[in-house]
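Enquirer: Letter by letter, the chains look like this.
There are 2 protein chains.
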Amino acid sequence: MTTTTSVPLGTRDRLVRTASRLMQHGGYESTPVKQLAKEAEATLGSLYHFFPGGKQELAVAAIGHGDQEFAGMLAAGLASRTDPAEAVEAVAVMLAEALRDSDWRDGCPVTATALESVGRMPELQAACAEAFANWRRLVEEKLVASGLAEEESRDLALTVINTLEGAETAAQVDRSQTPLLTAGRHLARLLRSYAGTR
Amino acid sequence: MTTTTSVPLGTRDRLVRTASRLMQHGGYESTPVKQLAKEAEATLGSLYHFFPGGKQELAVAAIGHGDQEFAGMLAAGLASRTDPAEAVEAVAVMLAEALRDSDWRDGCPVTATALESVGRMPELQAACAEAFANWRRLVEEKLVASGLAEEESRDLALTVINTLEGAETAAQVDRSQTPLLTAGRHLARLLRSYAGTR
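Just so you know, the protein sequences line up as chains A and B, in that order. Under this note's numbering, think of the first position of the first sequence as 2, with each following residue one higher. Under this note's numbering, think of the first position of the second sequence as 2, with each following residue one higher.
Isolated chain A, as found in the complex:
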């Protein structure tokens, strides 16, 4: 029993991880479902077995996977420093290094798909919105823990995530760490400007 159930579970997991990676590298639309199955070493039949809704249902699961993966990296970065300004700058440096190490390919696992989904694929759009909201929550918790007011922390977390997202896109397109490193410095400065209001 263990053996027979472990095989399909492995297939599902491979499908989700492969979809997540392909969507990170070019978005949802650039990934034909056949290529997806092939790269996951799965049959189209097993893809529709696990995801009766097909590519879009698989994409929703893949966004959930990318959400968790990025949240793990973000949480580790934020925990690496006590001071929230230093912590956010450390996250930016981490992202810049990960991006360069992947030859500028491993950007945000959500943004490209998010933009493709807007007004066209509501369930996928909702999954992307949920991912962004989760990441903001991690930053917000860090800011609140440092003594910043709740409303200010929520607002700043929104800008921290959005600035890092925009800088990551620019870093990929320009093949340069500069946009992320600069964003990290500016975000740290912005956060420090609130230190007196704690």
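For the record, the hints were derived by calculation from the structure and aren't laboratory data. There's no promise every hint is true.
As the list claims (entries may be wrong) - Mimicking PhoX-like on lysine-lysine, the simulated pairs with C-alpha atoms at most 25 angstroms apart in a straight line are:
| hint | chain 1 | residue 1 | chain 2 | residue 2 |
| --- | --- | --- | --- | --- |
| 1 | A | Lys35 | B | Lys35 |
| 2 | A | Lys56 | A | Lys35 |
| 3 | B | Lys35 | B | Lys56 |
| 4 | B | Lys56 | A | Lys35 |
| 5 | A | Lys56 | B | Lys35 |
| 6 | A | Lys39 | A | Lys56 |
| 7 | B | Lys39 | B | Lys56 |
Note that this is a predicted model, so its numbers are computed, not measured.
Given the coordinates of chain A, work out where chain B should sit on it, guided by the hints.
Expert: What follows is chain B alone, placed relative to chain A:
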């Protein structure tokens, strides 16, 4: 002679504008070349006449069109206030209003395509990089004109554009003006924090 040349010129222009709008609404990959020609009221033959390189060559022209269109809006917003912090906040408000008025569809004409192009379509990636660089230059000029040092102005312009880009994506996905309005406030605060260093 005037009549016969004006028809093909009109067709080329329609193809570029249609491609730009479709790419703004879902990226490059989601727009099949046949749909593109159809929506531009052009034949596939005329598309390949004007763009022998096909969809990708048309996409490069469409990014150039989106670049200029957005640059016009950005320049107008920046010119609407003397103070650069107020000017950048005014741009954010303008973007938030344009986005809501388009039912959250008319986001950045470049970002979705930029992310799809990274490492996969070098000419398209270069066109997107050029657009971002042009927009930064407008912000940089505004900051330098206000008396800020050149290096600081260049760095800040990078973060201003990236923050607005990231906030625009979040605004679209969340169907909310908040990300852009919050980004505008935070960018104004960041810019003001440099006022003393002029």
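Enquirer: Next pair to validate is Lys35 (chain A) with Lys35 (chain B); report whether the Cα-Cα distance is within 25 angstroms.
Expert: holds (22 angstroms)
Enquirer: Lys56 (chain B) and Lys35 (chain A) were given as a pair; does the straight-line alpha-carbon distance stay at or below 25 angstroms?
Expert: holds (22 angstroms)
Enquirer: Does Lys56 (chain A) pair with Lys35 (chain A) here, judged by a C-alpha cut-off of 25 angstroms?
Expert: holds (10 angstroms)
Enquirer: Are the Cα atoms of Lys39 (chain A) and Lys56 (chain A) separated by 25 angstroms or less?
Expert: holds (13 angstroms)
Enquirer: Just to be careful, I want the Cα atoms of Lys35 (chain B) and Lys56 (chain B) compared with a cutoff of 25 angstroms; is the pair within it?
Expert: Status holds; Cα separation ~10 angstroms.
Enquirer: Taken at face value, is the distance from the CA of Lys35 (chain B) to the CA of Lys56 (chain A) at most 25 angstroms?
Expert: At roughly 22 angstroms apart (the allowed maximum being 25 angstroms), Lys35 (chain B) and Lys56 (chain A) satisfy the hint.
Enquirer: Given the hint that Lys39 (chain B) pairs with Lys56 (chain B), test it: the Cα-Cα distance must not exceed 25 angstroms.
Expert: holds (13 angstroms)
Checked against the numbered hints given earlier, this structure breaks none of them.
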